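The task is to assemble the complex, starting from two chains supplied on their own in separate frames and drawing on the hints.
Chains as they are written, first to last, in our numbering: chain A, 0 to 295; chain B, 24 to 382.
The hints are simulated quantities; they were obtained by calculation from the structure and are not laboratory data. Hints may contain errors.
As the list claims (entries may be wrong) - In the DSBU-like style, the derived pairs of lysine-lysine whose C-alpha atoms are separated by at most 30 angstroms in a straight line are: (1) A:Lys135 - B:Lys114; (2) B:Lys106 - A:Lys135; (3) A:Lys8 - A:Lys105.
Nothing here was measured: the structure is a model prediction, and the numbers come from that model.
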Amino acid sequence: MSVETFKFKSRMRAVTDNAVTLLAILATVIVVAPLIAIFAYLLYKGASSLNLAFFTQIPKPVGESGGGMANAIVGSGVLLAIASAIGVPIGIGGGIFLAEFGRGTKLANAVRFTADVLNGVPSIVMGMAIYVLIVKPQNSIIPFSGHFSAFSGGVALGIMMIPTVCRTTEEMLLMVPHAVREAALGLGVPNWRSVLSITVKTASPGIITGCMLAFARVAGETAPLIFTALGNAFWSASLNTPIAALPLQIYVYALSPYDDWHRLAWAGSLVLIVLIVLAVSLVRYVTSRGVLKGAS
Amino acid sequence: MPEIRISQSQFQPESTTPEGGDRGRPVAHEPSEVRKYLLSRGNSALADRVFHVLMVVCGLSIFGIVLLIVYALMLGSALSWHKFGFGFFYKVFSDPVTNLPLFWDPVNARFSALPFVYGTLVSSFLALLIAVPLALGLATFLTEMCPGALRGPLAFLTELLAAIPSVIYGFWAVTVLVPLLRVHVNPPLTRWLGWTGLFNNDNPTGLGYLAGGVILSIMILPIISSLSREVMSTVPHSQREAVLALGATRWEMIRMAVLRNARIGIVGAIILGLGRALGETMAVAMVIGNTPEIHRSLLSNGSTMAAVIANEYAEAVSDMHYSALTEIGLALFIVTILVNALAQLLMWVVTRGTPSQTR
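Looking at chain B on its own, in the form it has when it is part of the complex (with noise of 0.2 angstroms):
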């Protein structure tokens, strides 16, 4: 920083010449007391930029974890690569004896992430058309309709529940949530709405499909309606107030001013929460039943790409297990953060003119 060299430098001559000779010009044969002690403090230009260069390297170690994030995984999904190509996403082996279609095969090395791909899109899907209309219920009350002695302890509420570990919320759902399924929905399901096919209710234990879209539900709804609920106190006071002098009800003036104006930023968040669901591993595996298959009715059981990595990667039984395995991995890496950005994105072009808010 130039003004504080000029102020060391206005500053130095005036102690090291004490006869008052010389005005400009350091003294260099004897360095009086003050400069010795300015001089042991360190040059201030040298320290600023060694500084200055730790700052910007911390800043791009963020850059650094993405590219080691995307070696680490291209590295160990070679051999996966290699064999498979493109098709181990589509894929589908048959059984040598039984000739019913095989995916996921350790013994014989053969491996297809047909069934993983299916089961987390179908749970993530479950869970945006369960979460979506509440989160925007939600955030619509606690923006708009919401009187001020609630609206802080419910924000805080969902704020602590996004914060409530994976791992929790599945043990939750495997004691509390899966019978509740297994005893209370399913059959009900099954007897109205079993003509679709959609459920069936041949598994007797309530874990599948449903049961990981419903965590899950539980699990991203947090995020979206906190999201939509900052992108939506974004819309200026003048036009919601334009709105209702137009003689609009509350629910015109929620739908053609806050509605309308945050449209973009709430896709932004139901994108973020999809990325959420995409990725979350714990809870998912511990409800959707992970056996390697693809069933249409939502009650069997399923896998998802992260639950079946948090499955077999510690206890994998081959090299090309393993690579198969990080193959799925990165994917999902790809998906994610493509999902993300596009979110990012989205939530950016709405905040951009409001200034930056932590809560």
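The following block holds chain A by itself, in its conformation from the complex (with noise of 0.2 angstroms):
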């Protein structure tokens, strides 16, 4: 090879090297500009929308401006309490499975994959699930069944929640050390007690902040809901009957062509969004530095 070649080749070398940092950074600010215009368009259209008519009153029939979305809010807080009652409960007994009995086993390694799956499924094919078990059949045995209710769409998001709370639980529970659960068997106390009272506890922060990850995912689900759920204009908090949900309100005035419902939307959607950045932050901040300080 000639020095000139050489020289030529290095040249290369060194202009190929410019241009891939060039293309990165170039990718990074052409997926990160969108998504801060997204961002920050929310939060402007939402701000300006917001007012206090939206969480006291309901909405107004069409062709009335002004109204709110009190029904929705206390709709969705009725949903995720029936779905976290459902969720949070059997999440983290999943998780409990995970870190502290199934360690290492093939039953364990199953649930764990297959937990990891379901996190994929769409949520849609969650809700016909529903639809076809609860709201479909007319019977007696299954509660509420035979109509679209609050109660199966409940049910849906919780069942939702449980792969998540599952796999968060095992993470945080098998970042406490070892020592802690043995300190706990030293002094005699019986293995379900250290389990609850020690390691779970030790690593709580961590699990709240997980269950309300999971808490703000399901809370923006509105796919589940549709045909579960099915929304509703009114106030309602009976399980029995159709309830509303911010996520369904939000879809319903998005199509919607009144620009009075569109800004009903927007604010919705900041309170969405708050709830959600409210939530990855928290968790973002215990993962990093607040969680098992003490027993480490």
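Written out as structure tokens, the structure is:
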């Protein structure tokens, strides 16, 4: 190889290197700029639409301006309460099984794998399954069956929470040092007590924020609610009737032709976003520094 | 747990035999105060077993959920399955009056899932086409080039965007993205690339496969980039240093050490993104146009499997309609399960040797 070729080749390598660096930076800008734009747009639109009426009034009939989404906020609260009552205990139990009882066993690996796969299943499929099992059959054994109801919506959301809560609980429990468990057992504490009062309690900040994250995720779910909770333009807190929910209301209003309804939908989006930002930053904070400080 | 039983059986005899005689055998006739207290706390061996079983049941509930979904969807789709069989996914009916192809005819209870399968595939692959290069660029930048001060906020931002509800993305797409495409993107695409047949601007709304693909790409970008970043950061530093020590430039180092070692995991991340794109419902349902037709042009209206379920399930007109929609749901479930399982396996192969990371 002559000197000229060598010089040319090394220059080409340097040029390629710089080009790739430039491309990577370009990709980052192309990705980040619209993301920030989306976020800023949401904040701007939401903040300019939010007012007190949003939290205190129910939707006005078409043609009248004003009104709010108070019933949808309450409805989301009811649905999320049912969902948490189902998803949190079972999810935490599953996480305890994975971290404390099944560590390294084939069964636990299978459960972990299935939970991860289940996390990626579209939420609308979950809603469909609940529709077939609870909403459709006219059956006296299944509670609230035979029609659209708040209960069925809550169950759909609750089932969706289980895999997420299960996996975060497991990850948090694995961070608890073994010495803590051994100390508890060494004092003669029964194993169940040691798990609940020592291990789980040590990891509780992480577990709670993990639950919050799952909570925030299902709070924004629309697809499974369309044919379980259905939505409702009026006040409702009964488990037996269709109920309004924030994301459902946003969906309906977003596709409507009225500016006033769009305004309400933006305000609703902002409320959901704030909930999610809170949850995500809490999780980040806890996992980065706060968690398990007293234990290790 | 054996340790606990030992500690109690050692403790009980001392407290139950005040005179010190008859050691090792608890006196049955008159239990002491201490023993009563201990017994009132319950038998920990039994409690432990009950607790263990409870936790196992919670763990097994994950399998229960999968079985329940499969059972429900098979129950719901039996009618359509018996009538249409596998033809459901490829058959084309024709309109008796106009002789045009007809796929989805709730009035006469004739259903074919072909346009929805087509729409799902087109929009998902479009999304991957846009998202994968950008996501890999972002992941490379974050792991290899980014100054430390910028890394945290950027990672946080992408994480946040992965958590924004689908319906809000859809709302943003309807109000901002679709008008943008309609005015500034679709006409030039038609003018310059119209000869390919893929871009034919006969749809004045701006909705369609392209809008669906773009919003999907925005939604799956954070997932692909954060997972690839995780995989790329598991490549040992010694590999990078070895390549650099041989005189490689940074790009050559990234190509030879990082991308080559992480390629399986990156493929896993992309497949996971594909899984999300296939099942994404609300945002796509809001921008894809929702017509059960097949078009070659990416600017035409279409529909996806998830979108048609979201739009029609709550107000289906007949049992057969319900059943057909449920069968689409079952197909979607099976496909996403398989795609996700494949992705998890690939990710698992790569990250097996390293400790689990929450972030």
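How the hints compare with the structure:
For a cut-off of 30 angstroms, the pair hint linking lysine 135 (chain A) to lysine 114 (chain B) stands: about 29 angstroms separates their Cα positions. A hinted pair counts as satisfied when its Cα atoms are at most 30 angstroms apart, and lysine 106 (chain B) with lysine 135 (chain A) qualifies at roughly 21 angstroms. Restraint check for lysine 8 (chain A) and lysine 105 (chain A): the C-alpha separation of about 53 angstroms exceeds 30 angstroms, so the hint is violated.
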